[in-house]
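Enquirer: Listed below, chain by chain, are the residues.
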Amino acid sequence: MSDASAHALEHHEPVTSTGIPNKKVLMWAFLGSDCMFFGTLISTHLIYRKISATVGGNFLDIRDVFDIELTSFSTFILLASSLFMALAVSAIHKGNLKSTRWMLLGTIVFGAIFLACQVYEFTHFVHAPGNELTLSTYRGEPHVFGSTFYVLTGTHGTHVAIGVFWLLGWLAYSFTGKMSTAHALDVEICGLYWHFVDIVWIIIFPVVYLMEYAL
Amino acid sequence: MATESIKYLSPDTENKAKTQVFPRPGQHTTGLIDWLTTIDHKKIGLMYGLTALFFLIVGGIEALLIRSQLWDHNMTVLTNREYNQMFTMHGTTMVFLVIMPLSAAFFNFVMPLQIGARDVAFPRMNTLSLWCFIVGGLVLNLSWFFTGGSPAIGWFGYAPLTDTRFAEVIGDMGPDFWIFSLQILGVASLLASFNFITTIINMRAPGMTMMRLPVFTWMTLIVSFLIILAFPAITIALVELMFDRTYGTNFFDFLEGGKPHLWQHLFWIFGHPEVYILILPAMGIVSEVIPVFSRKPLFGYGLIVFSGAIIGFMGFAVWSHHMFTTGMGVVATSAFAMLTMLIAIPTGVKIFNWIGTMWGGRIRFDTPMLFALGFITMFMIGGFTGIMHSSVPIDAQHQDSYFVVAHFHYVLIGGALFGLYCGFYFWLPKMSGRLMNEKLGKFVFTLMFIGFNLTFFPMHYLGMIGQPRRTHTYNEGHGFEMWNQAATIGAFILGVGIVIGIYQFVNSFFNKKLKPAGKNPWDARTLEWTLSSPVKEYNFSRTPIIKARDQAWENNYGSKENHSEKEPLDDHGVHMPDRSWWPLVTALGLFGLCLGMLFHRNIDPSGELVRNYTVAIAGGAVMVFGIIMWALEGPGGYHLFPKEEEE
Chain V
1 MSDASAHALE HHEPVTSTGI PNKKVLMWAF LGSDCMFFGT LISTHLIYRK ISATVGGNFL
61 DIRDVFDIEL TSFSTFILLA SSLFMALAVS AIHKGNLKST RWMLLGTIVF GAIFLACQVY
121 EFTHFVHAPG NELTLSTYRG EPHVFGSTFY VLTGTHGTHV AIGVFWLLGW LAYSFTGKMS
181 TAHALDVEIC GLYWHFVDIV WIIIFPVVYL MEYAL
Chain F
1 MATESIKYLS PDTENKAKTQ VFPRPGQHTT GLIDWLTTID HKKIGLMYGL TALFFLIVGG
61 IEALLIRSQL WDHNMTVLTN REYNQMFTMH GTTMVFLVIM PLSAAFFNFV MPLQIGARDV
121 AFPRMNTLSL WCFIVGGLVL NLSWFFTGGS PAIGWFGYAP LTDTRFAEVI GDMGPDFWIF
181 SLQILGVASL LASFNFITTI INMRAPGMTM MRLPVFTWMT LIVSFLIILA FPAITIALVE
241 LMFDRTYGTN FFDFLEGGKP HLWQHLFWIF GHPEVYILIL PAMGIVSEVI PVFSRKPLFG
301 YGLIVFSGAI IGFMGFAVWS HHMFTTGMGV VATSAFAMLT MLIAIPTGVK IFNWIGTMWG
361 GRIRFDTPML FALGFITMFM IGGFTGIMHS SVPIDAQHQD SYFVVAHFHY VLIGGALFGL
421 YCGFYFWLPK MSGRLMNEKL GKFVFTLMFI GFNLTFFPMH YLGMIGQPRR THTYNEGHGF
481 EMWNQAATIG AFILGVGIVI GIYQFVNSFF NKKLKPAGKN PWDARTLEWT LSSPVKEYNF
541 SRTPIIKARD QAWENNYGSK ENHSEKEPLD DHGVHMPDRS WWPLVTALGL FGLCLGMLFH
601 RNIDPSGELV RNYTVAIAGG AVMVFGIIMW ALEGPGGYHL FPKEEEE
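Residue numbers (the numbering used here), protein chains in the order written: chain V, 1 to 215; chain F, 1 to 647.
Isolated chain F (complex conformation):
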């Protein structure tokens, strides 16, 4: 990336590197080593995105197997246990390995650009988050190859399904893999969130006040707070479950005094904020896209921001609506029902704000806008059924039926995934530097829209006439067949749409025939569109001084006093942090630690349980070594002196 105008101030880093056994990659590192050691938030974002899209295909195949099994009554595509494994892995994969990391991909790539920062606050910690996410995904999917195969406990892992006493297969390791992978993914999410919070609070360009932050950045901040406050609940619940399974404690063991009910509370104290962790990023993306393609500023910016914050806050007070049928008592049930109805208000406010933005605008129906409109309509249907479930008697009728499956897929595919695809079509030209084929994009949208509705709309009806969820088949004579077949056909159409979309995203990085994007192909409003596509490694050649909320728009169309200015470059130039091996080493140590814990139990010839912690300790030692070396090497860095127009 270095051009001739860029001087290289301290060649000593590279000379020094050669003298070390494990050299720190210098400024001009390229290829595989660059990708393994990068601390650049843009590359990390891309790797998050690519890995998550891979897991989207994996989770999608699991979904299609589920749909194939339900094509007709008493099908035998999957056995009942395989079916349970499929919906467990599908749910866990889609929540933790697809939607969350796809959101993280956009947080990483877009957020620092939107606030005028050169990177996140802790670049090496960002790399560690990425590798922890990849290791977590690996651990979850390794479960297929060991005793008992993958977990068959649901993504919610309700006790006592996880109790070793009730395992279908003796020595079933599935739940253990599930526990450890969620713990590692938790580490990844927590580290990333601490990083994003610090970045947004502390690294805004001069003049970028909190109320000038783009809505997507606001949603990043709110989601990060949700993650750091919600994940501890599941982390502790998983620690308790791990102790139950590994060391025989009684937290959730009802035969010895434990309460399975407690697991549900702890899981949903995390699980409901998690719902907002999944949907708020998509809301942020849509809030960026709709003003651009309506050629109007966002209607009610303050309301949207505060609604997001209120949703985040109230998200912690509604978890028990997942447990209306567990018999919590009248007072608790009524309180949670009321709060659940209340949380619909800020959500509705946002929808009216988006409609208000479009009202009277000159709307262009490019692919991102189509996905944004798809998001609003589909999310509204999911939202309406959500409000229905806040009513306790209705919830009792819908509980564990396909109606609920329809509801949350409308929120998570029609909402979150459509929002994220909207983000890809909107920001990918900024990442790759090339515009994607609009016709193909619209075709993908059409396929996904039709396929999605054909799959999930009939499920409302199926649920109403009584098809239970999480059940591997149904008998003849219930009248379930026709709509299940419609759903299966729809699922395959949706799958084809998603895969063509992924092809289009990947292709845009390699196909040189595509049109170059230029700085601002959509005539968009926020700061990232003042930079070249793809963005230079240092993002901003000069730190911008922000004068208005929609800075890129103001620079093009606004009055003179609202144009952004640039800080002069001081003698140090642009300070770039060095790449590092240690985040990868630390994550691999964590991987070893987890494998060691998973396989530390053996039965010796006399039938005694023998615990062998050698591998776990070795992994832990590698992890600690990585952290110490990380601390000792320091941020390092080199300086660049780009010309002002090179950004």
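Looking at chain V on its own, in the form it has when it is part of the complex:
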């Protein structure tokens, strides 16, 4: 919208009953729902984890294929990206476009590193010599671990990817010259999503990876 009167229409933020902006309530409701999505996936994984370990009569140790050092590194990277995200939100609230841009870029790069690690991990697992973990087998035998593992971590990866594209959208928008503190709320909501996806990983990492070394 180019002219002034139309611009006034654009930023006619309605007063809400609770004082919380509509978009924020929407995002919180979505995150509540998303908890149930991941809850279902994590439950599926936990239910099958032990049951399926002995299919075929042999106990199969999934640690033979896991690369815990790599996953720990990517976990650290993903958690660190949350710091950049928080700084980006803070910068746009202050109207510091330059800083916002850099912080968004930082979040995107760290998110992309995480995704690259996941792609490497998946490829590595499927082709691990002697320990192939595919969607339906482990070491060539029928197994459910691959099913729950790939679909659970893959769904999380999809969430990260959507977040990266969303942030890329903001980064691109910041070069159009239209971005201002009026968009602080929108970036903040993007941030809510990003932090949530991080928090989900904080649950997935111990439950799916670390637990295999402890229990």
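It should be emphasised that the hints constitute simulated quantities derived from the structure, not laboratory data. One or more hints might be untrue.
[To be verified] One side only, chain V facing chain F, incomplete, derived with CB under 8 Å:
id, residue
1, T44
2, H45
3, S136
[Unchecked claim] Residues from chain F shown here face chain V by an in silico Cβ test under 10 Å; the list is partial:
id, residue
4, F122
5, K259
6, S606
7, A631
[Stated by the list, open to error] Only pairs whose alpha carbons sit at most 25 Å apart, straight line, appear in this in silico PhoX-like list of lysine-lysine:
id, chain 1, residue 1, chain 2, residue 2
8, F, K43, F, K536
9, F, K536, F, K515
10, F, K536, F, K513
11, V, K23, F, K43
12, V, K50, F, K259
13, F, K536, F, K643
Yeah, the Cβ is synthetic: ideal placement off N, Cα and C, and Gly gets one too.
Since the structure of chain V is provided, determine the placement of chain F on it from the hints.
Expert: Using the frame of chain V, we list chain F on its own:
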């Protein structure tokens, strides 16, 4: 709709529109383009309603085919596979394409009016919900035309019926269509629910506190929470099933270590809250209708609201009563039996509240009230048999018999559908601006009441003497014939009643001879009845300031200090959001994505499986493009300046 008194502030939207390749429809859009791009919650509600009534006829025909097949022993109207397809499609259609969208129609039309809002919080997202629902219905019914025909797996899709290895027809695509249509319908329901939650929490008129919300709005809120918390379970279950069928994972494949039992848990963790998703809106409607026609305030408003909330909460803790015969173990079975008995308490509380409302009232037996009374009595019968099933040994006897079919039809037709018809007879004058013929309405009620009971009451007996459900025929000598014939006759009577009802609803929009409804034909109590019928596009010319729970009633009969006031109109006037093409484009992209995923597998001449994702990627690209354009165009909008009395 714009009258001369309404100024048009920013003509630039329309001038601008002409310069674009894909113009955004302006303020004065009419006709087909208006219906395709509308963001008005009232029009969206109407489209939800009309589409759902169409699917009610489709699902009804499927039901009548089932009943015709069961008319006598060893009938051959349908083959066994066709019979399985019919009850699968009947169940899926009635749950996802009829009762839920009919409820959504009322949520959309009534709820914003009841809280004094001009629209829902996210009008364009509301349009996307509508188109997703229509696309989902389309995908489900497209299954008839491809390999294997429609799914023959039951609306519950129990594993291993869905396992590709056990398909009756090689390359059966029915279950795939079923999976994808339920996913799209899930998107529609989730988006709509996020929208309704935000609207009710955030867009109430000043003075409309939570405990002044009409009960129907409360039930909308509770149902929306149920949807956003229950749908993820089935979405993930369907994702897992899709991976099983498409990429060979082992989630529910018992030959490779998967557990079919898990499917039942995931399905019913969704499926039981779903039961309350279907019935709570009807309870909300009845809670609005009974006080109006008893000329008394609702008895125990707080109790009704909290009972609804408790039902919603406990609805998540009773799912395994659908699985008593699967051998879950004594502890789990007893716990779920106890919780199931417990959930009857808040339901009973509501029934006593409705009776208490009528007690000592001056009851008028207009058509909506007849349906409300029908709802209470029929729902109670369904509720009683429900309590019977909470007892594990009785449940084991009734499992998979016609007794269960009788039980849930008493809840879903005698309960939900009667409640929704009650809503149509009550609110349609507000939508169309015309009153319907009372005599015809009462005739419809009589037909439906008699037909319904004649169909489903004998099924209790049939179940007790051992007729199994989901079985395409029965042999001679069991004594099943007579009551099956009664049920079939009843089903056709019920069908005629439902169709005359639909005729009456549609007719009220076109028949100019019908009496105009005026603002408040029933002398009703809630805010929507202070507006003209049909409601103006901006709903309220001035935002009302709410002083009491039954505001329309207080305005007419209450003391001066309880009359609602009106906020002055500021310089901006009434802000109306612009129509948009992008929700439709996004939904069509989703449609393409689903078709692409459904047909991405081919067998090449050498017998190898070839995957071709071109169509899926193209559809996905259209969807993403739609979302990006949607974000870039912004809410837009124009301003109206209606006079105060124009509402």
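Enquirer: Would you mind confirming whether the straight-line C-alpha gap from K536 of chain F to K513 of chain F stays at or under 25 Å?
Expert: 21 Å, holds
Enquirer: Are S136 of chain V and chain F close enough, Cβ to Cβ, to be under 8 Å, as the hint says?
Expert: Where the cut-off is 8 Å and the nearest Cβ of chain F is about 5 Å from S136 of chain V, the hint holds.
Enquirer: If you take the shortest Cβ to Cβ gap from S606 of chain F to chain V, is it below 10 Å?
Expert: 23 Å, violated
Enquirer: Regarding the pair K50 of chain V and K259 of chain F, is the alpha-carbon distance no greater than 25 Å?
Expert: Cα-Cα ~13 Å, so holds.
Enquirer: A closest beta-carbon separation below 10 Å is what the hint needs, so does K259 of chain F meet it against chain V?
Expert: Interface hint status for K259 of chain F: holds (7 Å vs cutoff 10 Å).
Enquirer: Holds or violated: K536 of chain F and K643 of chain F, Cα atoms, limit 25 Å.
Expert: The given pair, whose Cα atoms are some 12 Å apart, holds under the 25 Å limit.
Enquirer: Does the nearest C-beta of chain V fall within a distance shorter than 10 Å of the C-beta of F122 of chain F?
Expert: 7 Å, holds
Enquirer: Does the alpha-carbon distance linking K43 of chain F and K536 of chain F stay inside the 25 Å limit?
Expert: 11 Å, holds
Enquirer: With a cut-off of 10 Å, does the beta carbon of A631 of chain F approach a beta carbon of chain V closely enough for the hint to hold?
Expert: 8 Å, holds
Enquirer: Holds or violated: H45 of chain V as interface residue toward chain F, Cβ cutoff 8 Å?
Expert: Cβ of H45 of chain V sits 11 Å from chain F, so the hint is violated.
Enquirer: Would you mind confirming whether the straight-line C-alpha gap from K536 of chain F to K515 of chain F stays at or under 25 Å?
Expert: Between K536 of chain F and K515 of chain F the Cα gap is close to 19 Å, so the pair holds against 25 Å.
Enquirer: Just to be careful, I want the Cα atoms of K23 of chain V and K43 of chain F compared with a cutoff of 25 Å; is the pair within it?
Expert: 23 Å, holds
This entry does not satisfy hints 2, 6, going by the numbered hints stated previously.
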